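There are 2 protein chains.
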Amino acid sequence: MKKRKSLEEYKSGILKGDRSSLAQAITLVESTLEEDRKLGSQLVQELLPKTGNSIRVGITGVPGVGKSTFIESFGMFLLNSGRHVAVLAIDPSSQKGKGSILGDKTRMEQLASDHRAFIRPSPSGNSLGGVSTKTREAMLLCEAAGFDTILIETVGVGQSETAVKNMVDFFLLLMLSGAGDELQGIKKGIMEMADGLVINKADGENVKASKLARQHYLQALHLFPPNENNWYPKVELVSSTERTGMEEIWKMIKAFEESTKSNGFWSKTRANQRFKWFEESVHHMLFEEFSKNEGVRKLLKEHENEVASGKISPQWLAQRALESFLNN
Amino acid sequence: MKKRKSLEEYKSGILKGDRSSLAQAITLVESTLEEDRKLGSQLVQELLPKTGNSIRVGITGVPGVGKSTFIESFGMFLLNSGRHVAVLAIDPSSQKGKGSILGDKTRMEQLASDHRAFIRPSPSGNSLGGVSTKTREAMLLCEAAGFDTILIETVGVGQSETAVKNMVDFFLLLMLSGAGDELQGIKKGIMEMADGLVINKADGENVKASKLARQHYLQALHLFPPNENNWYPKVELVSSTERTGMEEIWKMIKAFEESTKSNGFWSKTRANQRFKWFEESVHHMLFEEFSKNEGVRKLLKEHENEVASGKISPQWLAQRALESFLNN
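Protein sequence lines, in the order shown, are assigned to chains A and B.
Everything in the first sequence is counted per full-length UniProt numbering, starting at 1 for the first residue and increasing by one.
Everything in the second sequence is counted per full-length UniProt numbering, starting at 1 for the first residue and increasing by one.
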């Protein structure tokens, strides 16, 4: 990593909308060095008054549904409508150096080469707790740099959808029409999180099937009780390659914004998300400290198989491990 | 509380199937005194080789669906089939002294007065983490005392369904037929957790509607992908007051047992549940220690409103609080 800048340098760079300062600051919050991370958090804290003025959209869907192509099309539509678009990704399984950066940029060629957009691949890390905090801080930094539309892509691994749901205003689920197996492959509970469904690849011979799928999804969505915020999820058809339907998606998101801002759920949800972030961070950091504790590691190594096989009570081992942790 | 017995006294009492020893031992694991709880955990640890030989069934449904009446009918059916039935409940919102014991016993009059059954109301406690550990330990104690069928009722508050799902072999969801609003009131994600659905009150004029509801549910369930364990949830009709359908429920549960035992998911699920229990316990106990830390409490009191309103970064506060915790 390049020599660290001062807090003031990062701050003024970001506030001027300088991409390079923004990118470096995100590297800071993503760093594995404690000193970097602390500086990063301090930076976020100082920039906080300049954050929050964006619409945060989470985008998910199974692999193959066309998330990147959709984000490319939707992102270009948004740029051309005068929005300032930043794209972040969350993928707890991603490993830097495995080509994820190149991968992301290749997948969104036009958007990546457009100077108006800012694209940042998923931070690396094995635990979702760590990765979510990095993505949340990166999002705030983007907002401070003037981006008013944040798209957060989740790869749909592990619990990453829930993590994204907890940091965005609007959660969009991409689906495909298919031979009756529309819901196949989708993880349990995901559909219930969605504020909007998009049927992608609704073009050519697919149009008819997509319209039918739309009916099925609307029916399925009506099986669930209405959301607390009084929003009924909508279903739209798009073709990312033909770039149709983008305006409808944006209208849906804006309608959601208007509706939840007027009934108070917009700010209520954000306040809840902040508390949740705090609690999640504490849980994550406590567990991290716990897991790297020498005594704990020794105990777990000795006994984990016995826990799995039912020879040792999980509670009993948890208590021993906690004692060991607190006494160090 | 009565004078504490020795570990050996509890142990031998429970292994003899003595109800009073069992009840007292459960009081021990439910105690708020650390000394009691430690003795309780030690007891569970020592009895562990005698546990696990039961079928653990979670039962949930919205208030008014008739959970207690169902458990009474189903419990009596099981007793008369020669099963040894223990009924536990989980309700993080319950407060001892508010009549929850009396309430439970009144609601299951026949079962409660049958000497073959063991009924224990929900332990008190405000945090689900604490309550789940107590219920899990109580379940193991019941098994050591010879109960081979554990019914765990959840009241459907907060995240209690997930907690119960994580401690049982089979998860049963009770529903009602109704005028097209069968799913109303049911919390998101619950239906997807169910291994079996029961339509209660399928009697008299309700029979026709219940049969129709059964079709709807079967359709809805087919929208979801099959479970990893290859089990397809079934839907059965029962009348708890007329006591019909009980045998079908039991057959469904036994079919599940047979199927998952033969494909290995029975023991795999239990091993996963043990690990999850360990992790949850650690998270819960760490957070408990954290929350009662003086410095942490002071920080939170000072800053929680600023977190909610977005004036302080949740991450920044989490780090300060963690430092304060680790330095004490």
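Hints should not be assumed to be uniformly reliable.
Repeated chains share a single entry, so a pair holds when one copy, or any two copies, can fit it.
Stated by the list, open to error - Dumping the calculated PhoX-like pairs for lysine-lysine here, alpha-carbon to alpha-carbon at most 25 Å:
{"#": "1", "residue 1": "K268", "residue 2": "K301"}
{"#": "2", "residue 1": "K165", "residue 2": "K276"}
{"#": "3", "residue 1": "K38", "residue 2": "K298"}
{"#": "4", "residue 1": "K301", "residue 2": "K38"}
{"#": "5", "residue 1": "K16", "residue 2": "K276"}
{"#": "6", "residue 1": "K298", "residue 2": "K276"}
{"#": "7", "residue 1": "K311", "residue 2": "K165"}
{"#": "8", "residue 1": "K251", "residue 2": "K298"}
{"#": "9", "residue 1": "K50", "residue 2": "K298"}
Hints in this document: simulated from the structure, not taken from any laboratory.
Predicted model only: the values in this text are computed from it and were never measured.
Hints, verified against the model:
Taking the closest pair of Cα atoms, K268 and K301 come within 25 Å of each other only across two copies (20 Å); inside a single copy the shortest separation is 44 Å, beyond that limit. Taking CA atoms no more than 25 Å apart as the test, K165 paired with K276 passes in both settings, with 12 Å inside one copy and 23 Å between copies. Taking the shortest alpha-carbon separations for K38 and K298, only the inter-copy value of 21 Å comes in at or below 25 Å, while the best intra-copy value is 29 Å. Proximity of K301 to K38 under the C-alpha cut-off of 25 Å is restricted to the inter-copy arrangement: shortest distance 22 Å between copies versus 31 Å within a copy.
Proximity of K16 and K276 under a CA criterion of 25 Å is satisfied in neither setting, with 30 Å inside one chain copy and 47 Å between copies. For the homomeric pair K298 and K276, the shortest alpha-carbon distance between copies (19 Å) is at most 25 Å, but the shortest distance inside one copy (32 Å) is not. Within a single copy, K311 and K165 get their C-alpha atoms only as close as 38 Å, which misses the 25 Å cut-off; across copies the closest is 22 Å, which meets it. Neither within a single protomer nor between protomers do K251 and K298 lie at most 25 Å apart by alpha-carbon distance, with minima of 56 Å and 45 Å respectively.
Taking the shortest Cα distances, K50 and K298 never come within 25 Å of each other, neither inside one copy (46 Å) nor across copies (27 Å).
Hint check: violations occur at hints 5, 8, 9; the rest are consistent with the structure.
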